[in-house]
Amino acid sequence: MSDKEDPFFVGYLPAPKSLRWFLAGVSLLLILAFPLFSWAVSVTQEDPGPSGYRFDFGRQTLTGTITLAPYPTLHVTEGSELVAAGETILLAGVGKFGVANRVSDFDGALATLQGIILDRGDLRMLQVAGGRRGVMAAEGEAPTLDIEPLGRWRLSGEICDGKCLAGAMRPGTGIGHRACAQLCLVGEVPPVFVASEPINGHEFFLIGTADGAPIGRDLIDFVGLYVEAEGEISLRGGMPVLIIDPETVESL
Amino acid sequence: MSFAATLVLMAEIWVWIGLAISALFLTIGIGRVDEDARGAYVFRPLLVPGIILIWPLVLWRWWIIETGRDDWAKRHQPPRAFHAQAWMVLAVVIPLIFLAALAARQSTELLTPPVLLEAPQ
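Protein chains in written order, with UniProt numbering: chain X, 1 to 252; chain G, 1 to 121.
Calculated from the structure, these hints are not laboratory results.
This structure is a prediction, so every number in the text was calculated from the model and none was measured.
Hints are supplied without guarantee of correctness; some may be wrong.
[Claimed, not checked] Covered by chain G, according to a simulated footprint, are these stretches of chain X (three or more residues, beta-carbon under 8 Å):
1. 62–76
2. 106–118
3. 155–163
[What the hints assert, rightly or not] DEER-style ranges, computed between Cβ atoms:
4. T108/G x D245/X: 17 to 25 Å
5. G176/X x M88/G: 27 to 35 Å
6. S38/X x L110/G: 23 to 31 Å
7. P14/X x R80/G: 16 to 24 Å
8. R38/G x V186/X: 29 to 37 Å
9. T108/G x W39/X: 17 to 25 Å
10. L47/G x G212/X: 49 to 57 Å
11. R105/G x P14/X: 28 to 36 Å
12. T108/G x E247/X: 42 to 50 Å
13. V43/X x H83/G: 27 to 35 Å
14. F82/G x G130/X: 49 to 57 Å
15. T248/X x W16/G: 43 to 51 Å
16. I13/G x E78/X: 31 to 39 Å
17. A24/X x W72/G: 31 to 39 Å
Positions of the beta carbon are idealized from the N, C-alpha and C atoms, including for glycine.
One chain only, chain X, in its complex shape (with noise of 0.2 Å):
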């Protein structure tokens, strides 16, 4: 069976001579090829920029008004520390599930909700905690939300999930976090669309759809790539909506 002539390498014995150069060539390539790929990945890739969850500042309790369409969002009317009232944030759950069914009886009423908040510039979002105190009634009378129209507009950039972009994940963008958007967005975790340049100061809109509905699988199977769409825009209590128009969706 065995091949006198054939050497052979064991890691405890010496190296047969007529394999060390061969040994030490693949050594010395595997030296050089790894630091060099890891380089190759790195340099290619784009800084994720400043973004994260912000357990520095602990659980957060927020009182506003909550509005279900086109994803659930939190209008502050009592804030904290971090989130002043006035914002409107994103809401998701923990994972990669949204939070429709737990503030679907809250639709324009006031109610309290406790979580982590994940913080990307002017985007950002409430992890609600689960559980009885991630979503309370509250008392009072819920503000009318300002609906401020800004036009139809004809936008390139890419389709995320808010979650992940906010800073769940680093990168949350890109082609290679494709797989994790598009569950997140099965699970009805808010859709952003991240523009190429920003429109009024604002770089992140919150994508709808004109049913109100959550986007359906046409447009699921655009996210993480280099998209132009067109669509309404405005600006509901502040926070940048998107009502995309499906059909004009397009991959660049």
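Following the hints, position chain G against chain X.
Below, chain G alone, put in the same frame as chain X:
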């Protein structure tokens, strides 16, 4: 049925078949093909996950040994003979996949500034 649902269903079928085969192999087969396993039972449940994963291979090896066609010395020869070619192919294919992925990535140069199509009414 969607593609993803079909994949999940196929995985479930694979697991259930694997579970049935592991029950059969660990109660009947293992003692017949490995004399060292006769009378030893505590370790057998530890093999269940592995058998579920590679149950076709378990069935094939069981059949080969049961029919007396096993030659343990020859068993390792074909993979060893193939190693050099496999290394050569991988050395070419892996960098090619990496470079193809980089080349296929969309460039940010494709992005254009926003265009106002209709001013707000």
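Taking the hints in turn, this is what the structure says about them:
Remark: the segment 62–76 of chain X is not confirmed as covered by chain G, as 0 of its residues place a Cβ nearer than 8 Å to a Cβ of that chain, below the required three. For a cut-off of 8 Å, the count of residues in the segment 106–118 of chain X with a CB near a CB of chain G stands at 0, and the three-residue condition is violated. Here's how the segment 155–163 of chain X fares: 3 of its residues keep a CB closer than 8 Å to some CB of chain G, so the rule of at least three is met and the hint holds. Between T108/G and D245/X the beta carbons are some 24 Å apart, a value that agrees with the proposed interval 17 to 25 Å.
Judged by the Cβ atoms, the range 27 to 35 Å given for G176/X and M88/G holds: they are separated by roughly 29 Å. In this structure the hint that S38/X and L110/G lie 23 to 31 Å apart at CB holds, the actual value being about 28 Å. Look at P14/X against R80/G: about 22 Å separates their beta carbons, and that is inside 16 to 24 Å. Judged by the Cβ atoms, the range 29 to 37 Å given for R38/G and V186/X is violated: they are separated by roughly 50 Å.
The hint said 17 to 25 Å for the Cβ distance between T108/G and W39/X, and at roughly 21 Å that hint holds. Against the hinted window of 49 to 57 Å, the Cβ-Cβ separation of L47/G and G212/X comes to about 53 Å, which satisfies the hint. Range check, R105/G to P14/X: about 47 Å between beta-carbon atoms, so the 28 to 36 Å window is missed. Remark: the range hint 42 to 50 Å for T108/G to E247/X is contradicted by a beta-carbon distance near 25 Å.
Between V43/X and H83/G the C-beta distance comes to about 33 Å, which sits within the given range of 27 to 35 Å. At about 52 Å, the beta-carbon gap between F82/G and G130/X stays in the expected band of 49 to 57 Å. Evaluation of the 43 to 51 Å hint for T248/X and W16/G yields a pass: the beta carbon distance comes to about 45 Å. Separation of I13/G from E78/X is about 53 Å and departs from the stated range, judged on CB atoms against 31 to 39 Å.
Range check, A24/X to W72/G: about 35 Å between beta-carbon atoms, so the 31 to 39 Å window is met.
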